[in-house]
Amino acid sequence: MRTRIFIILSAILLLVTIAMEMLLIPSLASAQNKDLIQYSPVFYWHIPVAWVALFAFLCVFIASIAYLWKRTPFWDIVATTSAELGVVFTTFFLLTGSIWAKFAWGTWWAWDARLTSSLVLWIIYIAYFLLRTYISNPEQRARFAAVFGILGFVDVPIVILTLFVSNQMHPGDAAFHLDKPQMIITLVTGVVAFTLLYLGLLFFGIHLREDAYEVSKLKETDGG
Amino acid sequence: MKFWNSVAAIAWKDILSELRTKEIISSVLVFAVLVLVIFNFAFNLAPDLILQIAPGILWVAFAFSGVLSLNRAFIPEKEENCLEGLMGCPVGREAIYVGKALGSLFFMVLVEAVILPVFALLFNIAVLQSGLITVTLLATIGFVAVGTIFSALAVNTRAREMVLPILFLPVVSPVIIAAVKASAISLNGQSWSDMTIWLAIILAFDIIYLTVPFLVFPYVIEE
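Residue numbers (my numbering), protein chains in the order written: chain A, 209 to 432; chain B, 11 to 233.
Note that these hints are calculated values from the structure, not bench results. It is possible that some hints are incorrect.
[Stated by the list, open to error] Estimated spans, in silico, between C-beta atoms of each pair:
1. A:315 x B:52: 16 to 26 Å
2. B:58 x A:315: 25 to 35 Å
3. B:203 x A:296: 50 to 60 Å
4. B:102 x A:312: 46 to 56 Å
5. B:138 x A:296: 42 to 52 Å
6. B:58 x A:299: 32 to 42 Å
Cβ coordinates follow ideal geometry from the N, Cα and C atoms, glycine included.
Construct the entire structure; sequences and hints are all you get.
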């Protein structure tokens, strides 16, 4: 039920965001500033998706600590589901970033700080799943994944810092001048929509995995 | 004090067994030299290009040979079930991590001490610079701090050696980037103040990745 409410709400808000970025934003642009990123519809997906991806990885970190502390399968399920969503949202972030790059810089990929740091984060969490597939004992898998979930997340600020010091090509914060209230409203709607989508999918994923866990337990007792 | 005694005992055990077999050092050295030679062919280096590309080549050689040598940190322990013996010792699990890391640090520094002169010889670069040596030492500490715990994870998985580079390389990427930049600054004869930011990043990485693995290592080897 909870899952359904989140998904429906986020679907509505996503539609509202699309409508706003298609109808509202282009009308704000004038001839000289229409090429700035805040006048491009992709911006209002790109930023919310980035926020949700980082938030998802933060949840992996917290759930991993909770797992090592409490040792209940629930926290492992939360961490896995959140990592999965983090990877999906990071993929989406890379795609929208790439679309923007093609539009603004003329190439699909540029080794700029934000694109590269998200690529590194993406690989770290792909490694998280690879690590899980290489371990057959469920208790050990959960424990190792939790350790990696913690060690991977503390890398996030260092990766971002390093790449920012090393190059700056991305439209920096100075360019993000959201000087019109419509822009801020669209961005906030987008952030809320994607956060709700994340929470809906998280609850849904947790629910699925809990059922799968129950089934595997039942099988064990039955088969034994 | 007791903690450091156990750490020293574990590190010394690894160093002693390595000095007798020379397994890691000999194969890693050959591998690292091969990397340097392959890069030389791959880029067909003209003298004016060398200073731009050399720091990258050096750090690829260090990172790859680091993976190779860190993989061996726990595999011998696993093969003869020595890890159980080590875990049965009346020492904290943290001592095992620090001891193992110190042992690996010793091997890596030894390998680097040989690679650097070979690198200088092959690419005609003066490597005896305090800047480059400081960067190398600091970055190696970061490599070893991360690599030791990931090596302990990897050895307990089905794919073993394959797992370490997948976990290790993305996580140490900031150190590699910072080390390449700082080495380039040092090799180009620029001053220390240009390197400060990179050294600070590496140092921050070292501190974080000495503390966090120290705290979570006991969870890796519990049976």
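Going down the list of hints, with the structure as the test:
1. Taking the beta carbon of each, residue 315 (chain A) and residue 52 (chain B) are about 24 Å apart, inside 16 to 26 Å as hinted.
2. For residue 58 (chain B) and residue 315 (chain A), the Cβ-Cβ distance of about 27 Å falls inside the hinted range of 25 to 35 Å, so the restraint holds.
3. Restraint check, residue 203 (chain B) to residue 296 (chain A): a C-beta distance of roughly 43 Å breaks the suggested window 50 to 60 Å.
4. A hinted range of 46 to 56 Å for the beta carbons of residue 102 (chain B) and residue 312 (chain A) is consistent with their spacing of about 54 Å.
5. Take residue 138 (chain B) and residue 296 (chain A): their Cβ atoms lie about 50 Å apart, and the range 42 to 52 Å holds.
6. A C-beta distance of roughly 41 Å is found between residue 58 (chain B) and residue 299 (chain A), which places it inside the suggested range of 32 to 42 Å.
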